[in-house]
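Engineer: Heads up: the sequence lines are chains R and U, in that order.
Everything in the first sequence is counted per this note's numbering, starting at 3 for the first residue and increasing by one.
Everything in the second sequence is counted per this note's numbering, starting at 69 for the first residue and increasing by one.
Simulated from the structure, these hints should not be mistaken for laboratory data.
Check each hint, because a few of them may be wrong.
Stated by the list, open to error - According to the in silico footprint, chain U covers these stretches of chain R (three or more CB under 8 Å from chain U):
1) 6-15
2) 36-42
3) 53-61
4) 138-144
5) 212-221
To be verified - With a cut-off of at most 20 Å between alpha-carbon atoms, the simulated SDA-like pairs for lysine to any residue come out as follows:
6) U/Lys94 - U/Gly191
7) U/Lys94 - R/Lys127
8) U/Lys94 - U/Glu186
9) U/Lys94 - R/Lys28
10) U/Lys232 - R/Leu104
11) U/Lys232 - R/Phe73
12) U/Lys232 - R/Leu209
13) R/Lys28 - R/Leu108
14) U/Lys232 - U/Gln84
15) U/Lys232 - R/Arg55
16) U/Lys232 - R/Lys28
17) U/Lys94 - U/Gln192
18) U/Lys94 - U/Gly110
19) U/Lys94 - R/Phe73
20) R/Lys127 - R/Asp71
21) U/Lys232 - U/Asn78
22) U/Lys232 - R/Ser193
23) R/Lys127 - U/Pro243
24) U/Lys232 - U/Ile98
25) U/Lys232 - R/Lys127
This structure is a prediction, so every number in the text was calculated from the model and none was measured.
Don't be surprised by glycine CBs; every beta carbon is placed ideally from N, CA and C.
Chain by chain, the residues run as shown.
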Amino acid sequence: MGAWSRFLDAFFNWRLIERYSPDILKGTVVTIEIAVAVVVTGILFGLALAIVRAFRVLTFNTLIVIFVDMFRALPPLVLILLVYFGLPNIGINLPSFAVLWLVLALVLAAFAEEIFWAGILSIPKGQWEAARSTGLSFLRTLVYIVLPQAIRLTVPPLTNRTIAITKNTALGTVIGVGEILNQATSAQSFSGNATPLMMGAFAYLILFVPVVAFGRFLETRFGWRRV
Amino acid sequence: MDAILQQFFNLEVMEQAFPLILGGLKQTVIICLIVVPLGLAGGLAFALISLSRLRTVRWAAIAAIDFFRSIPPLVLLIFVYAGLPFAGFRLSPLAAVAISFFLNTSSYYGEIYRAGIESVGLGQWDAARSSGLQAYQTLACVVLPQAVRNVLPDLVSNTVEVVKLTSLASVVALPELLYSADMARSVTFNSSPIVLAAVIYLAMLWPLVRLISRLERRIAT
């Protein structure tokens, strides 16, 4: 067997592609499910935190800043291992996919809060004053006047951050969540062949290349922070 | 409450694990010292190629950047570490980490540099060239300094991401900070070593995270 066909056999083995396609597909579904759950809950929680922060109550804001800074500074894998191995010992048992979802959603919420907050701060004070002087309450001003303008500014950075955190679903493989990478590595060690890894990488490309390209489009369209 | 203290903040366990974790910290620092400069240099190369005047070259660079931004770094790492041996390249964990993180981080740094270079007005190029500077002198002495200043928060923020990324090296058994902490955890059946590692990560990165918030606010207003 020549070098080229050996290479093909190790990385693009048709028999294995057929054999393991269902597994990779199953992993893809799990990845998508967790990704959607993380994106929805993470962004909503982040937005809620930013709204609470807009009321500028000192105790709440201190707590929010501590939470946000910690989850921005800690590697997600550290948090995953801490929650997954630590909580059972104090009597809280969470399934591994729930651990993955919880940690990634909190990480996304922390980054999202910071981005929304930067957006809120970037709205000129005159907008607040004008809205308040027409008789709108603080909350109404925030919801109807400030947030719609702020959120527009946050779209590109938030999209990029969301994509980056969504890719961290691959970390679930470390605690045995049956997502793409987990299916691919177990198929790889089972078959002694790199083809399943290629399939896994390919699945990620199909999922994320359109999202990354979309993020690039948003960035040019909305133009954040052009100096 | 007692159980929580016992499980997560057990000073005795932390003391036992400390030498091991300190060794891990050293490895983490070594990985950072390899990956951050490589990524900064590779990113600049990516950015300059993606601003080429030739359309095919430009598109190839952007395709490569998007490719490496689409693959989760852990997938890339496992592919390099466990997949490449099938093609005859057997790499040490450190080499696999260096190669895969170089590809990942330089594509992110590349995007940041590119945005920075594009944010510098074309008039700067024209003025510098007409004053007699060569193209590379214009780039190095006029455009890049302004570009880097404009995207400084993003550069710092990506560097924080790179340091956090090094924790993935634990998956390929490179004995860095998280790996050592997890070893200690599996021996002691106690999570305190991981809390200690988390405290060390916080000590390294919290100041940078604060700095980013301040830099971002300064530019936003």
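Engineer: Can you list which hints this structure breaks, lowest number first?
Structural biologist: 2, 3, 4, 6, 7, 8, 9, 12, 13, 14, 15, 16, 17, 18, 19, 20, 21, 22, 23, 25
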